[in-house]
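Engineer: Sequence:
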Amino acid sequence: MHRSASLAIAVVAVASILLSGCAADPEHSGPKSGASDTATSGNDDPELDDSTLVVLGKYDVDGNELVDANVPEDHAAVWDRFAELFPADSHPEITMFVAIDAEASGGVDGALERNGIDPEQRYIAIDATDYDEPDELDRTLIHEFTHLVTLRATQVTDAIADEDCPLYANRGCPLPGSYLEAWETEFWPDAAAPDFDESDESVEERYDADEYVTEYAATNPDEDIAESFASWVVGDTEASVGTTVADKLAFFEDYPELVQLKTHILAAL
Numbered sequence: 123m124h125r126s127a128s129l130a131i132a133v134v135a136v137a138s139i140l141l142s143g144c145a146a147d148p149e150h151s152g153p154k155s156g157a158s159d160t161a162t163s164g165n166d167d168p169e170l171d172d173s174t175l176v177v178l179g180k181y182d183v184d185g186n187e188l189v190d191a192n193v194p195e196d197h198a199a200v201w202d203r204f205a206e207l208f209p210a211d212s213h214p215e216i217t218m219f220v221a222i223d224a225e226a227s228g229g230v231d232g233a234l235e236r237n238g239i240d241p242e243q244r245y246i247a248i249d250a251t252d253y254d255e256p257d258e259l260d261r262t263l264i265h266e267f268t269h270l271v272t273l274r275a276t277q278v279t280d281a282i283a284d285e286d287c288p289l290y291a292n293r294g295c296p297l298p299g300s301y302l303e304a305w306e307t308e309f310w311p312d313a314a315a316p317d318f319d320e321s322d323e324s325v326e327e328r329y330d331a332d333e334y335v336t337e338y339a340a341t342n343p344d345e346d347i348a349e350s351f352a353s354w355v356v357g358d359t360e361a362s363v364g365t366t367v368a369d370k371l372a373f374f375e376d377y378p379e380l381v382q383l384k385t386h387i388l389a390a391l
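Heads up: take any position in the sequence shown, counting from 1, add 122, and you land on the numbering used here.
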């Protein structure tokens, strides 16, 4: 999940900016537009089962195509940008795109979650209102896609919470050889502690610019790897040699498949 750092952003026409992209700024600012009259709560939908989401539209996905014929232009623009950034064969689990209102959703501008009816399927929910910068959408999409890469069935156990897991396991215990196993072993050795605190106060206290690419990255290992991967791809973080942030950005260079994915994404930015 990705949450806006600030909710005060200037309203800019979505249709004119969603299809362009460049290096991104992780900070969001300015007011989002309000939810439409047709918006619904994700809590009312068994496939979403998420009370935080205010849904503007829900669409079935086949590869990089939306199955629905009549999709509002602003919603289609968000999905088209996703399709430009990520090859169809890189996300077979994603079978649904959900357009949401970030402001009405409590500042959540992106989420990648299991389908509440079929846990083997995933849906991606992305804000489809307004962005103050064209690159803001790109960074959110990259962040959420990282959750798919690091939390898919080949990477974590099916159990949402595993009391016997020696690592942080909020959305499944990292499997041996997984990205998160390596990430947590190196950067989050104490995150599996029963008293690990993810409150806003603890995140603020934990945050250090030499250790995390953004304050949100200090939330937990899942968000840290997603924020760090996004920063590594778009190059929006200056890391001093010898800092933990520098080590985190270098982490991904050891995986050829991630380097290849970065190259593909950069070609579309």
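One or more of the hints may lead you astray.
Derived lysine to any residue pairs resembling SDA-like cross-links, with alpha carbons at most 20 Å apart [to be verified]: (1) K180 - G229; (2) K180 - I239; (3) K180 - G238; (4) K384 - S300; (5) K384 - L371; (6) K180 - A198; (7) K180 - D202; (8) K384 - N342; (9) K384 - G364; (10) K180 - A199; (11) K180 - N192.
What follows is a list of derived Cβ distance ranges for each label pair [unchecked claim]: (12) P311 - A191: 49 to 55 Å; (13) D211 - E326: 38 to 44 Å; (14) N165 - E379: 35 to 41 Å; (15) S362 - E195: 27 to 33 Å; (16) C287 - Y329: 24 to 30 Å.
To be clear, the hints were calculated from the coordinates, so they are not data collected in a lab. Glycine included, each C-beta is placed from N, C-alpha and C at the ideal position.
Engineer: Please write out, lowest number first, the hints stated earlier that are contradicted by the structure.
Structural biologist: Those not satisfied are hints 8, 9 and 15.
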